[in-house]
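Protein chains: 2
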Amino acid sequence: MTDLSTIVVSSRIRLARSLSDHVFPELLPRKEGNQIIKSVYKVLDSVGDFKLYTMQDLPALDAEVMQEKHLISKNLLKNTDSGAVILSSDETISVMVNEEDHLREQCFMKGLSLEKAYEALNKIDDALLMGLNIAFDPTLGFLNSCITNVGTGMRASVMLFLPGLTLSKEVGNVIRNYQNQGLAIRGVFGEGSDAEGYMFQVSNARSLGVTEQDIIAKITSSAIKIAEAELVARQKLLVENEDELKDRVFRAYGTLTNAYIISSEEFMKCAGEVKMGIALGLIRLNDNTLIDRLIFDALPSTLTQMSGEEALTEKEEKKYRAQFVSKTLRNARIK
Amino acid sequence: MTDLSTIVVSSRIRLARSLSDHVFPELLPRKEGNQIIKSVYKVLDSVGDFKLYTMQDLPALDAEVMQEKHLISKNLLKNTDSGAVILSSDETISVMVNEEDHLREQCFMKGLSLEKAYEALNKIDDALLMGLNIAFDPTLGFLNSCITNVGTGMRASVMLFLPGLTLSKEVGNVIRNYQNQGLAIRGVFGEGSDAEGYMFQVSNARSLGVTEQDIIAKITSSAIKIAEAELVARQKLLVENEDELKDRVFRAYGTLTNAYIISSEEFMKCAGEVKMGIALGLIRLNDNTLIDRLIFDALPSTLTQMSGEEALTEKEEKKYRAQFVSKTLRNARIK
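Chains as they are written, first to last, in this note's numbering: chain P, -4 to 330; chain C, -4 to 330.
It should be emphasised that the hints constitute simulated quantities derived from the structure, not laboratory data.
Some clues are possibly wrong.
No copy is singled out in the list; a pair is fine if it fits within one copy or between any two copies.
List of simulated lysine-lysine pairs, DSS-like, C-alpha gap at most 30 Å [what the hints assert, rightly or not]:
1. LYS241 <-> LYS322
2. LYS322 <-> LYS73
3. LYS330 <-> LYS310
4. LYS46 <-> LYS264
5. LYS164 <-> LYS220
6. LYS310 <-> LYS164
7. LYS264 <-> LYS231
8. LYS64 <-> LYS46
9. LYS69 <-> LYS46
10. LYS64 <-> LYS111
11. LYS241 <-> LYS264
Based on the sequences and whatever the hints tell you, model everything.
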């Protein structure tokens, strides 16, 4: 079996649900929004260890950190009127309230774990379906504010690390191929089709006329096929361009461990190279999960929070990032 | 007094001399050329510990190493017919035979030492004037194949390290100012007016109608004035751009200690940054002369010779350079 651990970073299931007895969040009066938050929290509190954070009360920096961790969306961040998020204690499950829809349930797991994530989220979803008036049409399925979320209301996605396919310039073909099969592939960091740090997200483009199991099976099998192509591409690069790969990886490591000022974008690029170096066995760290954690920890708000300051200027942020990243990587490297 | 040690790298005096009883080297028959070599060597052998190398017998790689060390010129390198160089045992004095002129005497010294270099070379020159028929005109002075070398036949030059003036973009004005005063300033490495590694050579443009003492005094005082401006520029940069300077220096150090493949040009640029870092006290090495030696040792032919191989492909050279530079710098750094 293919070793996916250096390719599939994480899996995510998201379910969109709307309440039939309230107007969509965009038009929702504040008071009514707060009633919804309460009723959603009541259900979740009865099934597990959940914590409620309202966008109104949550300090801006904490909210931005949650957004960088993908626990909440940028959209929710802005809704300081009636937006809220309810998080499980281990932060694998998050339920956004009054985002585009009344409910956006999410479950994150490491590796290729869409089925497990769906199982976990399904329990929560069942409780919410029982406890609230969720809009559902027997023919269409779940009804939501955007037509693309009608039906299952589900988006299943995996985050893939694809340096081999990127450097061999095959990733464009892969993207087009899976787009033709009804999937969406895009770079996770960076603008447009750029993928800083070689990170790509593969998800279903359709929510209607398919079952949840179909979507999960399709994304899972696609992820495995892409991962296999990625491994072939990496092996080919190692055989044909070993010196250039080493140069690329070691230079990036040199930048991350020596720069005195570093932007989030440059960090992300270099971290992608170092992550590739780890995957190819060119660099060894004493902690297998360190580079993935570092990629999130070095994001602007998370970093600012870590610094203990209320806010950092852009320059201070870049200096603190350089210092934090350098120290972390130097201490973790096994020679 | 201004501390020039981090600015004036080296001083060089060169004297051009022609023999009145032979045609210029360009038209010289091989046999006659060899006779000249013999007679020059005879004189030098009688006044000191000199070694003769003919371009005909010197292995190409050894000749290229000499050229990289500035002991011989590219011009001499090509004259495998009758070119030769006679070197003092400490390699501070080199006498090229049958270069553009029959004799090109040179003396190299570290730091700002034009007078000392001239003194040392003058002794050799006196012996050569006594032992050979050197072309001399009472009105014009020494006669040579090129009109620019008629008169004293002397070129005095100093190599200056000017990162402060370069980064503050003042170096263009400095160059124009001294050009107007009859001096020549140019980048030592790199093409045209580019100065890779921040190295500039200041020399006299005229050889005729001035005395040796005039030339030496002018170059020396100019070098001191430029050095003072350089120190001011460095101080200003440190005050106004300390973070950016550190970033620049540490990144270059990171590249030099981590790259797996590095070209001579990129090495030179990075070495200039590291040399600046040393001058500013941002990086400490356990050997003050190491970076200057490294700058010459990492040149293509010197590096190839050091590798012990007869020849290196371009790729092998870049890999060997990266390895050699990284090891040398890592071992020398004081944290």
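Going through the hints against the structure:
1. Taking the closest pair of Cα atoms, LYS241 and LYS322 come within 30 Å of each other both inside a single copy (22 Å) and across two copies (16 Å).
2. In this homomeric assembly, LYS322 and LYS73 never come within 30 Å of each other (Cα to Cα): the closest approach is 34 Å inside a single copy and 52 Å across copies.
3. In this assembly of identical chains, the alpha carbons of LYS330 and LYS310 lie at most 30 Å apart only when taken from different copies (25 Å versus 32 Å within one copy).
4. Taking the closest pair of Cα atoms, LYS46 and LYS264 never come within 30 Å of each other, the shortest separation being 35 Å inside a single copy and 55 Å across copies.
5. Taking identical chains as interchangeable, the C-alpha atoms of LYS164 and LYS220 lie at most 30 Å apart only when both belong to the same chain, with a minimum of 17 Å there against 54 Å between chains.
6. Taking the closest pair of Cα atoms, LYS310 and LYS164 come within 30 Å of each other only across two copies (23 Å); inside a single copy the shortest separation is 34 Å, beyond that limit.
7. For a Cα distance limit of 30 Å, the shortest separation of LYS264 from LYS231 inside one copy, 22 Å, qualifies, whereas the shortest one across copies, 33 Å, does not.
8. Only within a single protomer do LYS64 and LYS46 lie at most 30 Å apart by alpha-carbon distance; the minimum there is 16 Å, versus 71 Å between protomers.
9. Proximity of LYS69 and LYS46 under a CA criterion of 30 Å is satisfied intra-copy only: 20 Å inside one chain copy versus 76 Å between copies.
10. With identical chains, the CA atoms of LYS64 and LYS111 are at most 30 Å apart within one copy only, with a shortest distance of 20 Å there and 67 Å across copies.
11. For the homomeric pair LYS241 and LYS264, the shortest alpha-carbon distances inside one copy (15 Å) and between copies (21 Å) are both at most 30 Å.
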